[in-house]
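Novice: Residue numbers (our numbering), protein chains in the order written: chain Y, 1067 to 1528; chain X, 1067 to 1528.
Mixed in with the good hints, there may be bad ones.
Any copy, or any two copies together, can satisfy a pair, since identical chains are not distinguished.
As the list claims (entries may be wrong) - Mimicking DSSO-like on lysine-lysine, the simulated pairs with C-alpha atoms at most 30 angstroms apart in a straight line are: (1) Lys1189 to Lys1155; (2) Lys1434 to Lys1195; (3) Lys1516 to Lys1347; (4) Lys1322 to Lys1155; (5) Lys1155 to Lys1434; (6) Lys1314 to Lys1071; (7) Lys1155 to Lys1195; (8) Lys1071 to Lys1189; (9) Lys1318 to Lys1071.
Keep in mind that the hints were calculated from the coordinates and are not lab data.
There are 2 protein chains.
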Amino acid sequence: MENIKILLDESDIPRQWYNLAADLPTPLLPPLGPDGKPVSPDMLAPVFPMNLIEQEVSPERWIDIPDGILNILYRWRPAPLRRAVYLEKHLDTPARIYYKDESQSPPGSHKPNTAVAQAWYNKEFGINKLTTETGAGQWGSALAFACKLLELECKVFMVRISFDQKPFRKIMMQVWGANCIASPSNETNAGRKVLEEMPDTPGSLGIAISEAIEEAVTDSTGKTRYSLGSVLNHVLLHQTIIGLEAKKQLEKIGEKPDIVIGCAGGGSNFAGLSFPFVADKINGAEITIIPVEPTACPTMTRAPFAYDFGDTACTTPLLAMHTLGHAFIPPPIHAGGLRYHGMAPLVCQAIVEGLLEPRAYHQLESYKAAITWARSEGFITAPETSQAIAAVIEEAKKAKEEGKEKVILFNYSGHGLMDLTGYDAYLSGNLTDYELPEEEMQKYLQDLEKLPKAEMRKSGKW
Amino acid sequence: MENIKILLDESDIPRQWYNLAADLPTPLLPPLGPDGKPVSPDMLAPVFPMNLIEQEVSPERWIDIPDGILNILYRWRPAPLRRAVYLEKHLDTPARIYYKDESQSPPGSHKPNTAVAQAWYNKEFGINKLTTETGAGQWGSALAFACKLLELECKVFMVRISFDQKPFRKIMMQVWGANCIASPSNETNAGRKVLEEMPDTPGSLGIAISEAIEEAVTDSTGKTRYSLGSVLNHVLLHQTIIGLEAKKQLEKIGEKPDIVIGCAGGGSNFAGLSFPFVADKINGAEITIIPVEPTACPTMTRAPFAYDFGDTACTTPLLAMHTLGHAFIPPPIHAGGLRYHGMAPLVCQAIVEGLLEPRAYHQLESYKAAITWARSEGFITAPETSQAIAAVIEEAKKAKEEGKEKVILFNYSGHGLMDLTGYDAYLSGNLTDYELPEEEMQKYLQDLEKLPKAEMRKSGKW
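Only chain Y is shown next, with the shape it has when bound in the complex (with noise of 0.2 angstroms):
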């Protein structure tokens, strides 16, 4: 049972983040105005700290991991790798299997990482109060957590549906003393203006992005910021403490990977695993590296790189990615997780870069994968990790046919306990496959005509 979990001392956390956006062969390319000019830095400052806003488009290859930060890492990381021997053994595969455990955080996801580092330097540069919106509530409980243990106020917006129908995630932020409301609401314009026009909505993330962006830029005492979950660099940059750590986990035991893989929606812990691995490949490390997503949203294997809005309330700048039109938001009967319209910049031009090798999986086959995984392996995983298990599964059985002993890592991103309405779906034969028709997503492509560099999505150039 050697290695079935290797552990770092709390000493051997790593002190400083990666940035990729140092290492990318061509420069990343800028966030954009509706004009089609750059953003300042300054044009984002009512609605980020400066000290985020510096991170976000840093140029420096390490930035240092504030100790106040740490301090608050170390109640779950380092994080455990692991072994996953039991699905080695039911696959009967040659391949070793390695997963970087983030599911044992106090809200149960990766995400807590990026927000402890926001909530810090939020409150280092003076403010008290964050807003921010949240779906099914993953980043809203995370973002709930760090504000509680920083001391800060905290106000989520979570869509009126999730609100409804799934209330624990609810619950968990109101423990951790946050103020979550449903998404429209009567407390700012943006939603009071939904409400007026459709009483009955459900909301959608984009309401909820417009009304946590107005309670933040609106605030009169100038010490309320807005905090986001994913797609940004400097949210990036903070998760690849996971990649950072399982590369010093994979030295202690002489292993190097040969494939590395996690799941993308906005594209953070796929980076955050990945990116110390990305940097290895630049410098010739033969690795593969897979960012997975569903067939149901299929942002990175079928849509175009363009600039498009990160919203789909068009109120953030224009970000070169790929996308599938921000007015996109895949059928409820797609239960995976995995939603969002864009991906993050960083991660798609490195896909441009041919760094990457994104695939997509059928909901049924990344459900099939996670009961295979719990049935194995013991842990119920979230439905967005279980798009990864799929692309694991299949690059074991690869392996096996191929008679290799490849050795695979991917991210274990979250716990499903949150999540088993889905599986309950799954098991009671009410999920089906669903694949975007070509022609809907060329309607909504169609928004992308009148953006600034609107030719990029076809030229494929820029």
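Following the hints, put chain X in place on chain Y, whose structure we already have.
Specialist: Just chain X now, with coordinates in the frame of chain Y:
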């Protein structure tokens, strides 16, 4: 941040369980039949496999843990010992507070320590199916998990009101492949009889036990047995791995506990942590050992030591224990877990011997402690565990008043992610305290008059 997580290598996992029965100052009182005569091991053979019955009555101090069991426990064991530095800081106490984290097992509690062992011994004995009952589902999910990993069939009779109102643990059981049905069911004589008389009954643990035992003993192949999640000697034995690990971990950093605390419903998580320290106390060490219960179910703090049935339906042998009477069930207003009318005989005999100092808390005090914990340490605890935390906080405050650097150790027996509705009720002000009225208690205790050795209750002698 030194020593906030004290980890053991896999190679340091205990290889033997500790049996307190070998060291108790007076021998354990035997279980009795309804005729008042000791139950022989053979009489239990239709219910449990003989290898577990041997453990139940074993006088040996140390019992080897088979490798087949360790190979499964390695998934999450050795469990971390953590220091609650953030709670210490919040309370400004000179006490050093350590907790054994049993919440990170796949089912989220200490329960799989015995579920895995029981499934393994049953399999070894040639059994291919286990039955059990479950209330809210913590035990049922642990046994489902263990049976899946050992390839045994598992059937769980779940109290109907929980089956209908708390579907998540049921889904967990299904993810692990168990057959979980609402009790009373149409699948047993016991169930059918109840349904005929009361078709709309919410069910009870007593009925579910009767169904599970009937299903086991009536299997004509002889390959089915019944499994219990607490109370019995062999169950407590399997849990001692918790305290044995904790002892090694404290030794590693040169600490010895002054106070050991655990919540006690049936007694297994408390016993698991504390019994190795009870042994030290028997050998002269100065340790205060505190089992904690709710005032709504004051078994150890107010009930007599007497022979009573282990179940509401009066199908088990009579056990010598503190008991509120087998018909007692706490009122629905009690949300904080720990609802059993009796207590493990080994724990009770240690109380009678003066080795333990039981204590009871109101549920509002316990939920208050749970919120303090979540907002300082960051983790959301099971309502049962919060009873232990209430005692920890009281002892840490006392240490502050006395200016003493006490070392407090407690068992963090499970997370509260499946119990968030209790938190919601508390935060919404919908919970109240409840103390069992003396007259009501005496009413339930009258049932004991008709049982063998009834004089024990009043004389306190046997």
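Novice: Could you run down the list of hints and mark each one as holding or not?
Specialist: Here is how each hint holds up against the structure:
no. : hint               : in the structure
1   : Lys1189 to Lys1155 : between (48 angstroms within a copy, 20 angstroms between copies)
2   : Lys1434 to Lys1195 : between (42 angstroms within a copy, 25 angstroms between copies)
3   : Lys1516 to Lys1347 : neither (37 angstroms within a copy, 78 angstroms between copies)
4   : Lys1322 to Lys1155 : within (21 angstroms within a copy, 41 angstroms between copies)
5   : Lys1155 to Lys1434 : within (17 angstroms within a copy, 45 angstroms between copies)
6   : Lys1314 to Lys1071 : both (13 angstroms within a copy, 19 angstroms between copies)
7   : Lys1155 to Lys1195 : between (49 angstroms within a copy, 23 angstroms between copies)
8   : Lys1071 to Lys1189 : between (35 angstroms within a copy, 27 angstroms between copies)
9   : Lys1318 to Lys1071 : both (12 angstroms within a copy, 20 angstroms between copies)
Checked against the numbered hints above, the structure violates only hint 3.
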